[in-house]
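There are 2 protein chains.
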Amino acid sequence: SSQARRARRHVRSLTGDFPEVDEKGEPKWPKGDEKVWKDAMRGVHTELPDITRSIVGHVQTSLARAPYNLDDFGAYQAAALSVRDNLIVNWNSTQLAFSRKAPKRAYYLSLEFLMGRTLSNAMLNLGVQPTYGEALTNLGFSLEDVIVQERDAALGNGGLGRLAACYLDSSSTQELPVWGYGLRYKYGIFKQLINNEDGSQLEAPDPWLEYQNPWELPRLDVVYDVRFYGTAQRYTDGSGRAVWSGGQEVLAAAYDVMIPGYGTKNTNNLRLWESKPKRGFDLQSFNAGDYERAVETSTSAAAITSVLYPNDHTSFGKELRLKQQYFWTAASLADMMRRFKNLEKPISEFAEYNAIQLNDTHPTLAIVELMRILVDEEEVAWDAAWEIVTNTFFFTNHTVLPEALEKWSVPLVEHLLPRHMQIIYDIVGPLNMLFLQSVEKKYPGDTKKLARMSLVEEGFPKQIRMANLAVIGSRKVNGVAELHSELVKSQIFPDFVDFYGPSKFGNVTNGITPRRWLDQCNPGLSDLITNTLKLPKDVWLKDLFKLEGLIQHVDNPLFQRRWAAVKRQNKERLALFVERLLGVKVDTDAMFDIQIKRLHEYKRQTLNILGVIHRYLALKKMTPAERKKVQKKVVFFAGKAAPGYYIAKLTIRLIVNVARIINKDPDTNAYLSLFFLPDYSVSLAEVLIPASDISQHISTAGTEASGTSNMKFCLNGGLLVGTVDGANIEIAEEVGEDNVFFFGHLTPDVEGLRYQHVYHPIPVEEKSPALALVLDTVSSGAFGDESVYEPLLNTVRHGDFYILTDDFDSYIRALEMVDEAYADRTEWVKKSIRTTAKMGKFSSDRCIQDYAQEYWNVESIKVD
Amino acid sequence: SSQARRARRHVRSLTGDFPEVDEKGEPKWPKGDEKVWKDAMRGVHTELPDITRSIVGHVQTSLARAPYNLDDFGAYQAAALSVRDNLIVNWNSTQLAFSRKAPKRAYYLSLEFLMGRTLSNAMLNLGVQPTYGEALTNLGFSLEDVIVQERDAALGNGGLGRLAACYLDSSSTQELPVWGYGLRYKYGIFKQLINNEDGSQLEAPDPWLEYQNPWELPRLDVVYDVRFYGTAQRYTDGSGRAVWSGGQEVLAAAYDVMIPGYGTKNTNNLRLWESKPKRGFDLQSFNAGDYERAVETSTSAAAITSVLYPNDHTSFGKELRLKQQYFWTAASLADMMRRFKNLEKPISEFAEYNAIQLNDTHPTLAIVELMRILVDEEEVAWDAAWEIVTNTFFFTNHTVLPEALEKWSVPLVEHLLPRHMQIIYDIVGPLNMLFLQSVEKKYPGDTKKLARMSLVEEGFPKQIRMANLAVIGSRKVNGVAELHSELVKSQIFPDFVDFYGPSKFGNVTNGITPRRWLDQCNPGLSDLITNTLKLPKDVWLKDLFKLEGLIQHVDNPLFQRRWAAVKRQNKERLALFVERLLGVKVDTDAMFDIQIKRLHEYKRQTLNILGVIHRYLALKKMTPAERKKVQKKVVFFAGKAAPGYYIAKLTIRLIVNVARIINKDPDTNAYLSLFFLPDYSVSLAEVLIPASDISQHISTAGTEASGTSNMKFCLNGGLLVGTVDGANIEIAEEVGEDNVFFFGHLTPDVEGLRYQHVYHPIPVEEKSPALALVLDTVSSGAFGDESVYEPLLNTVRHGDFYILTDDFDSYIRALEMVDEAYADRTEWVKKSIRTTAKMGKFSSDRCIQDYAQEYWNVESIKVD
Ligand SMILES: Cc1ncc(COP(=O)(O)O)c(C=O)c1O
Ligand SMILES: Cc1ncc(COP(=O)(O)O)c(C=O)c1O
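Which chain is which? The protein sequence lines are H and X, in order.
Mind the numbering: the first sequence is residues 1 to 864 in our numbering, read in order.
Mind the numbering: the second sequence is residues 1 to 864 in our numbering, read in order.
Source of the hints: derived by calculation from the structure; they are not laboratory data.
One or more hints might be untrue.
In silico BS3-like pairs for lysine-lysine, Cα to Cα no more than 27 Å straight-line [what the hints assert, rightly or not]:
#, chain 1, residue 1, chain 2, residue 2
1, X, K191, H, K278
2, X, K504, X, K449
3, X, K276, H, K276
4, H, K265, H, K35
5, X, K276, H, K191
6, H, K191, X, K278
7, X, K664, X, K632
8, H, K278, X, K276
Each pair of labels, with its calculated beta carbon distance range [as the list claims (entries may be wrong)]:
#, chain 1, residue 1, chain 2, residue 2, range
9, X, P218, H, S860, 38 to 44 Å
10, X, E379, H, K585, 43 to 49 Å
11, H, K35, X, R42, 20 to 26 Å
12, H, L558, X, K35, 38 to 44 Å
13, H, E144, X, K35, 23 to 29 Å
14, X, P411, H, E144, 56 to 62 Å
15, H, N669, X, K278, 37 to 43 Å
16, H, D776, X, E379, 57 to 63 Å
17, H, S779, X, P411, 54 to 60 Å
18, X, P218, H, K104, 39 to 45 Å
19, X, D22, H, E144, 29 to 35 Å
20, H, R452, X, Y229, 55 to 61 Å
21, H, Y646, X, K278, 27 to 33 Å
We put the beta carbon where it would ideally sit given N, CA and C, even for glycine.
Pulled out of the complex, with its shape left as it was, chain H reads as follows (with noise of 0.2 Å):
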């Protein structure tokens, strides 16, 4: 093996490879004058002659162009390539050092990661952001209108992505072992346009790539063969193992994406995957003049990475997307598979060196495709392999919505991946020993229960279910909050409870990098940070509960007055974005009210939407000197709706309609003023969040698992009104409950009161009076066209599933508390200060070493 290391000491070039050690353990030089290439070298460049020759370099030769032509974007791409070759360079460190320790890794499979820009984080993290500024400023430029010339990385749809962009930043500052694995979508989430004649929410396509992506390493050696269809032949020698061969092979091309650390060498990589044809163009029909033909092949391979399916919390069953989760989770552990083969460890200790996290149960089908593997290529025997699988997976669920689980249709599983249908079959049936026949032994004749745990449910068709898939496949199953925690094991996976008992089950409640949530977001405030806590922004950064050191100076005026003077700042960052954007002024003297996260029921942008036409209503009817006394508030929403999700369109399209009449109503526009702010992303997220004096997070209690963009609003000062849901309740007992506005039914509640709506309802008008007013109000066309509303009117006034009237008043209430709570300026500024000081726990370095403790069992491995 010695000799096989040898053999592969030229070779070409998987990430990993390594040196050669001499007897004395050295690494031996492997090629050519060892002084020639260690002068020729470089490291990290941080000196001002070094990053401004490597941006006019770059500017030179990448991109071919002389000072007479560079634009901003000239300049972001020039500034980009010079720090991204810094990137690799402590990449490249990283892989090898992880190589040659060989430590247990874990590997976070996720479908989408939600990286928005990288420019300012990476800089930030080598801190070298004041240098490249100085650099760009000589060079003509302003480091901020560079920064902003980056397109996000928009490959996902909201929170579950974005929680992994944040678990992969604090897994590389914290000098964790971590790998992500995802998919390289040409098309992000697409671009949302509001349509300018009818308000109504109109998508385009996201073409990210198109001007090159300095972020991502093509690795065109990493390449592996993902089959689909074809037939799976079993052998009859009862190991339970077969053959799967024909079909369509397609080719899994990887990309990788560099993640550094703060204040680390540490650069993790997160590998996506792009699909290509296996065997390029067909020539020979071509020739023969079918050119359809020919081109065919080559489209349906490259179509599965084509686009991200822009559907959030919602599951479809749709082809492409299974073989989407096939191709990744196939690829993924191909490439985990030959990586650990490197170590020449025998296949039994594999979960000794891998653990796999699976992202809500978008990667379930890893756990049959592990199977597959070890037992039909590496002919381990069924048991065995079953308890090595049950060893390295572990799963997050994400959601309690029904809608949102995932399941497959069996005869479309089974035409896909014919393999992994008996494999599934074998789990759930006769070939399974540890499975169905322990759960008949433990509860002998409950066939209820068999029912409710069984992988495929009943009816036409048959369905795989993934979670339940999932849950039986890993070694813990949590959620993302404590309540959301608690729902999974009560409402979802009882059954599975009982049966594993519950230390199966825990919580990792969700958390935020503070890197890019607070020090890249909002400098201002994390500048007053550091002055304040008298300590160096790495050491508060990197260790969050550092924060309480505020309360301390909450009493302090001067220091109130610097808290405010930043958030008045960014509130006139805000108000100067917005003018830019549409073209009109916001008065920054005004509460900022924002909501901002995915268009859906469950949200609630609908009860925010009813309760500021309630506010306009009132001011409407006051006198001009009784509007002088009102709280001045200008609210801001944004978010996407799904594409093919009506009701939540519906929304938007109320809410520009609503800000158009608002905003030009001479009679109050003074004092409320409404904008929707078009095709939310994360780098918008950057601009509202720190601006915000209070933010909504009104989901019906029991249906947000955790959210996160309440921890943003949180870190950065801005106030809560929330239901009692989801990472709220965790916030206000950070916080205390008197910094936080809290309204609305409880989680308990929640199921009488639909059960009342359908059997026993009582009519808006007796319920809530002040919504049947609002309802009516729009239904009058008082925002356009009547009839258009309705549907969305009739969700509310008929069924009311998320109890917007069983929730209205109080909701008004809470409002009405904030209004009361905000004209006692230096009372709010300290309940600020105090929702700061008290975020540590929130910081998704807390979340990653939770995972890597609790679950994953890796360690952290500081590269020098």
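Given chain H, put chain X with the ligands in place with the hints provided.
Below, chain X with the ligands without anything else, positioned relative to chain H:
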């Protein structure tokens, strides 16, 4: 307009932006600190430490590799990227200088550019090859091993495409402002494989861009819309104008390939267009679940440039090919027009600033497209527009083969390009003031003549004759060798010669670049020549007539020995290559006889293989003692057949199977062996050509327009056996008939012989018993399944369009004369020296100067 320029100053960046000037005409520094910029800017690296650092830097960053996992391919990539940086620096200076000086420019429109490898050529042209060699050695690599890692850029079929590549090299070397325009095919000419079973040709796609292409520069900011289909609505004002709208719009995106001149900073541009969908992904269809529809548009747009048509000298009339032609000419003209408009000259001066060379009829639509732009968009009056057009274009005809003369069906053009069809009708029809009416005036009543000269050929469907259109729309027309240019006048366009007078028709005999085809591929000979001439090599490489200086050394025995030694080394290099490729030893004492070119009946590889069989049969009949007196010979073939060209593919199969038999015949294989080297390419030519003793250029007289490989062999001191055809004639004029082995019937005989074959056939047995015996041997199954070859043999036995039966005996006699001449080795070496010495005329520098001076009227501009 100085204000317009100011407004443009900081605007992104089409090639050719240039600095504002102050009152004194000095360029103003555009932005930032001039000193900071200038200190950080780099020039071409020529020193070892810079070059080493640059290579190592690319290893670390661009490749993200360490010395530990760097193989030859990685070293190639790093060296290539490093050289690329230098090319870009010069390319940038060149484009800037041309923009400033605003000279008349020439554009070479070619559907094919057969570039081959670039690394070595670029290093030689930059004069840095030795230093790069040293750097690579220090880093543990060898330059030769690194160079051969590069994949050929094979965007061409053969001679026409390689000629285009040589012309670009010469245009840069001659410091002429010339750009090439072509298509960036995703798949170049297919890769040729030989079926192990039956010896037939197999075709595989050539995914040449798979590992990224360091020699191109994506110019993401240079894109144009190209329209297809739709409707054309004429104005009713009699202006001839129309509006073309609707249909499909596709994007043309530019990729620039840097073309370095030899020993000059001048680096011209080859701009290749890639087709892209205009609107990316159709999200609506995607969400509606219609995935197929969603990708359809995107696929059909990308398809346009996805593959090079693999046919040489044939035209098929496929819609996709027409789309390629229009896409390419439309994008190229839009680009030229934009560049011209930057000059702010009146449109009437277009032809004073632009000359466009049409490489064969493929870009003929450019004539119509320029009319469309001028008339419809620039609102130039029809006659004035036609005046501009006919002063702008120049047309090179490349063949007299009727199957190669392009015709496009009128319904197809009408459908795809409705506006262009109108314009074509206007050129020939009622609106045309300049052409048909004047023809009518000149030859009143000669309707036959009118029909022959018409652009539209009657029939079902009607067809547009692109060659006629090219002649009518061009200022001058030329052929590519003296004989061919005569045939162009007498056979193809006699009516047009009559009409326009002979001065519209000229000749530019093809040429080749001595940089690639001597200095690069034959460094031994290059060194010997430099030492012998006592001239720096950049002198004779730029003035190839200097080679005549070798004549005075022809009788010097030491020089003769050195000359022979170089040839011997090149033969050994080829032998090593063959041994590595096929695992067979090649006897370098034998005469090397080479025929390498596209497989085509007119090129008569069949004659050659039948001659080989004849030699084999003769050897078989001999006693061992007799055989010992025979000249030992190794015959090499290489070349691709169009995938649909049945007879040509049979010839390959015959060659391969004859080789299998005779190479293992112990009676004869010491005296005669035969190799078919698969996948002929520029790089393979570079190994074969310097190793030839004799090469074969044996086309039926009057069929090969010029040939260029004949020149390459002669430049490398190989002698020719050939017919009195194409450039063979001019080669013989230069080197003297006694240094060329001519055979066969002359061009004027051919028509009569063909007539005879059809109307008074003489059996082969009578005409050439030797040939009859060879044919019968093949028919007898001596080289495998007899029935397979019958269709091929029948082309000789019946009809014999290419007059093999007439030329066979004379061919065999010529080969005998070659044997005799080769027996006197000293005399042979002298012939070889004299041949090389007389190749001055065939430098493509001479050709490009011919075009520049006699056709385009463009002048050299040295960039400093
Ligand atoms: C672009 C984007 N989408 C979605 C989210 C998640 O928002 P929430 O936690 O409110 O669902 C965030 C978090 O800030 C985000 O930045
Ligand atoms: C790859 C390739 N194809 C075709 C040709 C043209 O060959 P010929 O002039 O023999 O047709 C050449 C010239 O050397 C070549 O290099």
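A quick look at each hint next to the structure:
| no. | hint | in the structure |
| --- | --- | --- |
| 1 | K191(X) - K278(H) | holds, 16 Å |
| 2 | K504(X) - K449(X) | holds, 19 Å |
| 3 | K276(X) - K276(H) | holds, 17 Å |
| 4 | K265(H) - K35(H) | holds, 24 Å |
| 5 | K276(X) - K191(H) | holds, 19 Å |
| 6 | K191(H) - K278(X) | holds, 16 Å |
| 7 | K664(X) - K632(X) | holds, 15 Å |
| 8 | K278(H) - K276(X) | holds, 22 Å |
| 9 | P218(X) - S860(H): 38 to 44 Å | holds, 40 Å |
| 10 | E379(X) - K585(H): 43 to 49 Å | holds, 44 Å |
| 11 | K35(H) - R42(X): 20 to 26 Å | holds, 24 Å |
| 12 | L558(H) - K35(X): 38 to 44 Å | holds, 43 Å |
| 13 | E144(H) - K35(X): 23 to 29 Å | holds, 24 Å |
| 14 | P411(X) - E144(H): 56 to 62 Å | holds, 58 Å |
| 15 | N669(H) - K278(X): 37 to 43 Å | holds, 41 Å |
| 16 | D776(H) - E379(X): 57 to 63 Å | holds, 60 Å |
| 17 | S779(H) - P411(X): 54 to 60 Å | holds, 58 Å |
| 18 | P218(X) - K104(H): 39 to 45 Å | holds, 41 Å |
| 19 | D22(X) - E144(H): 29 to 35 Å | holds, 30 Å |
| 20 | R452(H) - Y229(X): 55 to 61 Å | holds, 58 Å |
| 21 | Y646(H) - K278(X): 27 to 33 Å | holds, 29 Å |
The structure is consistent with each of the numbered hints, conforming to all of them.
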